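Protein chains: 2
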Amino acid sequence: MKVKPAFKAESATVDQAAITPLPRSRKVYVTGSRPDIRVPFREIDQDDTPTAFGGEPNPPITVYDTSGPYTDPDATINIRQGLPALRARWIDERGDTQELPGPTSAFGRERLADPTLDAMRFELRRKPRRARPGANVTQMHYARRGIITPEMEFVAIRENLRREEYLESLRASGPDGEKLARRLTRQHPGQSFGASIPERITPEFVRDEIARGRAILPANINHPESEPMIIGRNFLVKINANIGNSALGSSIAEEVEKMTWAIRWGGDTVMDLSTGKNIHETREWILRNSPVPIGTVPIYQALEKVDGKAEELTWEIFRDTLIEQAEQGVDYFTIHAGVRLPFIPLTADRMTGIVSRGGSIMAKWCLAHHRESFIYEHFEDICEIMKAYDVAFSLGDGLRPGSTYDANDEAQFAELRTLGELTQVAWRHDVQVMVEGPGHVPMQMIRENMELQLEHCKEAPFYTLGPLTTDIAPGHDHITSGIGAALIGWYGTAMLCYVTPKEHLGLPNKKDVKDGIITYKIAAHAADLAKGHPGAAIRDNALSKARFEFRWEDQFNLGLDPDTAREFHDETLPKQSMKLAHFCSMCGPHFCSMKITQDVREYAARQGLDENAALQRGMQEKAVEFVQRGSRLYHET
Amino acid sequence: MKVKPAFKAESATVDQAAITPLPRSRKVYVTGSRPDIRVPFREIDQDDTPTAFGGEPNPPITVYDTSGPYTDPDATINIRQGLPALRARWIDERGDTQELPGPTSAFGRERLADPTLDAMRFELRRKPRRARPGANVTQMHYARRGIITPEMEFVAIRENLRREEYLESLRASGPDGEKLARRLTRQHPGQSFGASIPERITPEFVRDEIARGRAILPANINHPESEPMIIGRNFLVKINANIGNSALGSSIAEEVEKMTWAIRWGGDTVMDLSTGKNIHETREWILRNSPVPIGTVPIYQALEKVDGKAEELTWEIFRDTLIEQAEQGVDYFTIHAGVRLPFIPLTADRMTGIVSRGGSIMAKWCLAHHRESFIYEHFEDICEIMKAYDVAFSLGDGLRPGSTYDANDEAQFAELRTLGELTQVAWRHDVQVMVEGPGHVPMQMIRENMELQLEHCKEAPFYTLGPLTTDIAPGHDHITSGIGAALIGWYGTAMLCYVTPKEHLGLPNKKDVKDGIITYKIAAHAADLAKGHPGAAIRDNALSKARFEFRWEDQFNLGLDPDTAREFHDETLPKQSMKLAHFCSMCGPHFCSMKITQDVREYAARQGLDENAALQRGMQEKAVEFVQRGSRLYHET
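Chains as they are written, first to last, in full-length UniProt numbering: chain A, 1 to 637; chain B, 1 to 637.
Next comes chain A alone, as it looks inside the complex (with noise of 0.2 Å):
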């Protein structure tokens, strides 16, 4: 076993490689209808249209932004004193909040009183707050009073990725601006299975989703470094990235630039899901740094508080760790209530029995007691603790199946049934909910899955991990469960938890982050384009069109991960040249079919007709032209 030397904070610096902007990309803000409203996109600048090929403009595209001001050169990082609290004004002028003395948890003011920790711990300035006695802060609770936040309006510009600009940007850009701007935002219609898509996303829009539970927006008042971000059906599919270091590895340092690095690549929330040493400072730290919600699954902490020994939790020692994560800043807890006791013996004749560790240490404690789950019995309480900070439940799914062989069996199906009741009793407090699902299940099996879930929970969002469609490839699980994560988010998924190829096998690294990233950023993608939300074919529009006129340098950009195409481009071409060659490393300079169709359509232009005219007439001396004009089409460059 790895043993890291302890972590120090005068030692913290940033990942330089989570700091660069990405190629061609600059930081764009949106402001709303107050100036501190500014909504931060990635807008990615494209060569024209050589000249050969008509020589059109190619306005910028602009992309969804989730590494926060990292990638922003007028921002100061410095991981030592966290991003700017850019929420803390809308939460104060909500008047429904008090700042605490310190830490209200008595595990919270251990640590701060621990010397020893002193070299590692964040310092942080601010206090925690808390809501006013009585008062809830959920933005469920503003929504349903008809209040629309800062923090809406935020979303509601933030999800339509300043689309219309865009389409303006076209149809300004010369004589055939309006035919290029149909064409470039032309998109197939969508099957959304009873999704509610709008065309335009309106703050309105964003607070009656919310309010009716069919969106969330994790928002604790202690994080106010967030950027708002929504979690719904009818919004962009989102993707999770989880984190976390073990007994056995990694260092507060490493988990802070694994979340940098997973935010970079597109990760809409970040799961630390720490099991290891110092996860109360790791968690401030990483916190303190996170422009995007931070989930955690709290009985893993509950748990080392007794030492491993399930059977030691109780209720107060896991509200003192709720309290303490709250107080924190933690937007959403996975929190395993459906666990019940009479639920854990249906586990019994699985394959692979509870797979799920929070489930496991429930069911341990449940059977050691033999009492029905403190969790379930004090459902309540939480949703007090949980409104007092706005932190959303991710009610989870401590019993999903861990191989296909347990997929859809009645144990994780009587969960989701109790999933679906306490969301109603969460709904009634006002609190925020969205509901986990599988785990491991076979495609046909997917829909089912969607289905029971809209069913129970009345539409609360989904929040799925995977699922892994087939048990046979440890080392690819990023794959297996890509392709059931596009399906299910296909269906209705509103945030996909991505699975990386170490899955089954050991802690991600930076690498297996990414790989695990980009694969749910594919999935969430083409489950938008399956869906029909509006808007979403643009970016593909845009990088298809660049690859047929061989803008290599545009093509590498407007993906998802311009490092690795540019990267795998260069292994066969690497001179600059050839990235302004109109044949690629496939063909050879000799024969490109792309290049042949430019022809073909070059011809026909050029002729003065188009193609299907000029075969109707039956030209024949087109042909006799097209071979005289001379045959070798394809110069070398």
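Keep in mind that the hints were calculated from the coordinates and are not lab data.
There may be inaccurate statements among the hints.
No copy is singled out in the list; a pair is fine if it fits within one copy or between any two copies.
[Unchecked claim] Straight-line distance between alpha carbons at most 20 Å, and here's what the computed SDA-like set of lysine to any residue pairs gives:
(1) K458 to A211
(2) K27 to E553
(3) K510 to D570
(4) K510 to E571
(5) K511 to T564
(6) K179 to A348
(7) K510 to E567
(8) K8 to H370
(9) K127 to D92
(10) K510 to T564
(11) K179 to L346
(12) K27 to A12
(13) K511 to D563
(14) K511 to E567
(15) K277 to A106
(16) K305 to R109
(17) K127 to E99
Just so it is clear, the structure is predicted and the values come from calculations on it, not from any experiment.
Knowing the structure of chain A, use the given hints to seat chain B on it.
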């Protein structure tokens, strides 16, 4: 550009990485009705279940094996001599072929007579064969006459994967054998979209499927080295790997190495898409060393013969190329006979025009001459060639979409309808046919492709490239397309053409070939599971059981890629003892969800009660005992 030194036959050696048997795997053969029908499989040994978990025996698992003699330690591999001609006797016995004095094609004779090629030429001692005048030597022809060939019997045995032997081994494994057999072969019902997969594949079923055109058995009489395999919707989903050099890259040795590498990981067929120099010689080396069917796109070579000037192509040159390649032993030809003159203008408004190389060559020819495609016009002449050697058609989709924008357009479907007509023509000649499909298609539009193909092509096997479900991930298109491949395989595609991470960017190296293969093996297997292919879940179940029982080595070895799984595991838990450990690096030694479930089950068993009954009787003492027994369940090893 890289310039390779000339390839020399005398230096040709086999890649050691391709001939080492996979870990704990053994080559086994099942003998058919005659001793020379020896069907290869790979048998993977497993450890017994640890005593603590019940001590069950775990009989070996049999998997489909495409690797040929390379992984047989009893075989002598010498790529300068090629593989044994295992089908030679069957071909000879049929008495409908004749040995030719030498190559019939002008080009074949020319190459043979060129002394400058002596050093690189594969030294073939065998003469080419052709059907006797008037004879038809296709497997379809035999099938339609009611003849079950040794090839058909071979594939019937192969497709069943020794399932009955496995069942028997489980039943005989101990007193709980019957229960274990039921458990380990249990499978969820599939959704097959109209496929007709029998419980057990018989030689007669194979014959019937080939006779109906619903399956093909590619088996050129000049490729007697090939191990028979079948492509059809009622059989296991197959995958193809493309290899091939271009003017810019890779030598003959590299291509042979890619072929052996591709079949090691599961390539069912290999297409040689070379476009550079020495195509003829490269192909000979590949064929003589390939135990899987080889496909080509003859128009690529024909184009080389006219120095890349598409308009100078003639039927005579194309015909000579077909004969040249048929006499070398190519098992299927991609023929872009559906790229008809009237369809070409339908591509004018596309985002990415014509992206198929073969399609664009033919489009260029048609426009240059303003004539109907000579391939289309000579289709029956081509059938005459095909049936003289048993080359199968792979009717190319020259007008497939090269972007999701262009998916399912009129150009694509006009061509598909033509391919349907040509399928009927080929079938009149008893020539085997599969039909190629797209391309780039968003998820919601994939099913239409499958349905129209079934309709127009009367269930001739569909052979699709991907499809890619989004355009925005260059560098990761094995994944964008793996998603689409799994879907279309589920819907009914018989063979999936892999896409590597280098797609659109460069030529795949060995790592890319493996990544592409593994991704497509996942897609094909996920499709088999979803269709409910009998026995498909056996490997999943065995692997899940190994995973649950902490049989790490078995978990690696039962997977598609044992090397990567082991490597990933060892990154965090390198020591040998850790592969015997009842925990993994995700959770560490003190805490593991799998272990907890085991404990829960053991506890119930020790009480002599099933948990359910115990719970119902409300045995509070259970809980007390459980705690008394000692709380620490995890013992460091």
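Hint by hint, here is what the structure shows:
no.: 1; hint: K458 to A211; in the structure: within (13 Å within a copy, 52 Å between copies)
no.: 2; hint: K27 to E553; in the structure: within (19 Å within a copy, 48 Å between copies)
no.: 3; hint: K510 to D570; in the structure: between (23 Å within a copy, 17 Å between copies)
no.: 4; hint: K510 to E571; in the structure: between (22 Å within a copy, 13 Å between copies)
no.: 5; hint: K511 to T564; in the structure: both (12 Å within a copy, 14 Å between copies)
no.: 6; hint: K179 to A348; in the structure: between (62 Å within a copy, 15 Å between copies)
no.: 7; hint: K510 to E567; in the structure: both (18 Å within a copy, 16 Å between copies)
no.: 8; hint: K8 to H370; in the structure: neither (44 Å within a copy, 75 Å between copies)
no.: 9; hint: K127 to D92; in the structure: within (13 Å within a copy, 88 Å between copies)
no.: 10; hint: K510 to T564; in the structure: both (14 Å within a copy, 17 Å between copies)
no.: 11; hint: K179 to L346; in the structure: between (60 Å within a copy, 18 Å between copies)
no.: 12; hint: K27 to A12; in the structure: neither (25 Å within a copy, 54 Å between copies)
no.: 13; hint: K511 to D563; in the structure: both (13 Å within a copy, 18 Å between copies)
no.: 14; hint: K511 to E567; in the structure: both (15 Å within a copy, 14 Å between copies)
no.: 15; hint: K277 to A106; in the structure: within (18 Å within a copy, 76 Å between copies)
no.: 16; hint: K305 to R109; in the structure: within (14 Å within a copy, 81 Å between copies)
no.: 17; hint: K127 to E99; in the structure: within (6 Å within a copy, 91 Å between copies)
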